[in-house]
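Novice: Chain by chain, the residues:
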Amino acid sequence: MRFKKFIRTYRPFTRAGMLESVAYRANFFCFLIGEIMSCFIMFFVWKAVFASSNGETFMGFTMEDMVVYLFITFLTGYLTYSDGTYAIATEIRDGSIAMRMIKPCSFDMCFLFQELGHKIINVLFIFAPLVIGVEVYRFVITGACQFDIVNFLLYVVSLVLAYMISFYFNVSYGFMAFYLKNLWGADILKECIINFLSGATIPLAFMPQALAKVLNFLPFSSLSYTPVMIYMGMYSAQEIAFKILMQVFWLTVMVLLSKAVWNHAVKRLCSQGG
Amino acid sequence: MIYVNDLRKEFKKTIKEPGLKGSVKALFKPNNEIIKAVDGVSFHVPKGEMLGFIGPNGAGKSTVIKMLTGILTPTSGTCEINGQIPQENRQKYVKEIGVVFGQRTQLWWDLALQETYSVLKEIYDVPENEFKKRMAFLNEVLELDDFITSPVRTLSLGQRMRADIAASLLHNPKVLFLDEPTIGLDVVVKDNIRNAIRKINEEEGTTVILTTHDLADIEMLCNRIVMIDKGRMVFDGQISDLKREFGQMRDLCFELNHTDDLSKLNYMADLKLSDADVEVNYEGAAVSVRFDSNAVSVENMLSYTLSKVHVKDINLKDADIEEIIRRIYRQEVSIDEV
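Heads up: the sequence lines are chains R and U, in that order. Residue numbers for the first sequence, in numbering that gives the first Met the number 0: 0 to 273. Residue numbers for the second sequence, in numbering that gives the first Met the number 0: 0 to 337.
One should not assume that every hint holds.
Stated by the list, open to error - Computed, partial: chain R to chain U, Cβ under 8 Å:
hint, residue
1, Pro11
2, Ala15
3, Phe49
4, Ala97
5, Met98
These are computed hints drawn from the structure, not numbers from a lab. Even for Gly, the Cβ is constructed at its ideal location relative to N, Cα and C.
Here chain R stands alone, though its shape is the one from the complex (with noise of 0.2 Å):
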């Protein structure tokens, strides 16, 4: 009963994400072209050092391996991206959190409810057509479906556990606005930050070994190399339980460690701009 109750007053949340979601249309589109264009950057550019590369592989990967891991990274951190940190920074530069404090509703539930109505919407237009892409470029150069459904269903699981720490992780870190009032900078910090330290500008295992084995316990390779890993089928079952124990551990913190922010910094909540 409390769950239904729960729904119903955070479902309209998605809706309404949805709508915003297509409201600017010609927006999304432009944002997505971009995105694949970059990806394709990247390709050419991982392309030309396999081609000055001695052997068939490169520091274990294929070009077929990295292909898949490029763009399955691309969607990877496409859908696991939160603009939390953006959103709740702009609201508190502004002021409008205060609109948000006199609804009786949590406030990040009512940020989470409404991002899983874009994610809805990107879920729409991108994963489908860029994992069949995938899987028919694989099937092209090894000849044999590489398809893989346990894979592809714990990639799911892992996945939803990468958005769900990347949106606490980004609440956290918006909450910072509190003190800082303005976040833009940091904000950018914390994303190159996080793409280099989750393996989504480079494989962390292409990394000098000390440092990848530190970084598989950080909590930035929950959020893309992880899942990314799992769906290309790098581990096995015993590395897969662990890796996913370890997406549920950082949840958990990143959950505990967004309540803690938010607790100490409503209280020295400064409404800005009257």
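Place chain U on chain R using the hints.
Specialist: Structure of chain U alone, referenced to chain R:
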């Protein structure tokens, strides 16, 4: 209903020296100063009352409203509304209040207006038949029909404000907080909004707390006002009391037979009045003299005027509330007089 006791709010403010150098310096070695935005405000509002909250810009009105609505946490002091402390259980508390900030909107910018209402219906848990009845009522008083299907970003300011007020009333709150609900609106829309607020207050017994700079709002809606200035309470009472206490200002208006006669009148020197006590304005032969009836009696004023000049027409009237408040803002009337 609403009890506010010795409410205080202090902010830390970073002082920057002017120029780039000052900004850079403040970045590394901030120089903080404590600002007392609200400094010991106490009042009580019974159920169903409409209270006007006034004060000059930056007096701390909005800060008080934000504390009463649970957005800000007071530095010290307490407020209790409907037996609840706003900061204690925010989600439960806000279910019983409605809030409109005239300078902001709670509507979903990119969605059709009715989408906002259906979202609000769910989060406030309003049953379907209740919702329909409520919407019909709000439609009637605020005339939302014309634009209910338009995206909020396309609404005019007047439409948006009406829509915002409707949004704050959808769940039939016990207390309605209106922070400058008529800011930037034309006379007709202002009138509509005032009528709507009055109707809601009459029909639902909603307690209303209203801040405004438009004193017509106050005169049409509230019978009691609380005035604050620099975070302190300056006045709390009926509008009639305010008029009685500070309303010694009278306007003596007359038309001269000969425009040249004006030079014969010298109130300040002849009646030994100060700058603040008397003010003469004229336009051609029409003269209006505003004076403090505590400093000089009406009788003296009239006999002096009539002894000096010949007039066609003469009348005497009370100064309006606006003038009184202008004087208080300018600090011609000191706090000790209250």
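Novice: Can you list which hints this structure breaks, lowest number first?
Specialist: Per hint list: single violation, 3.
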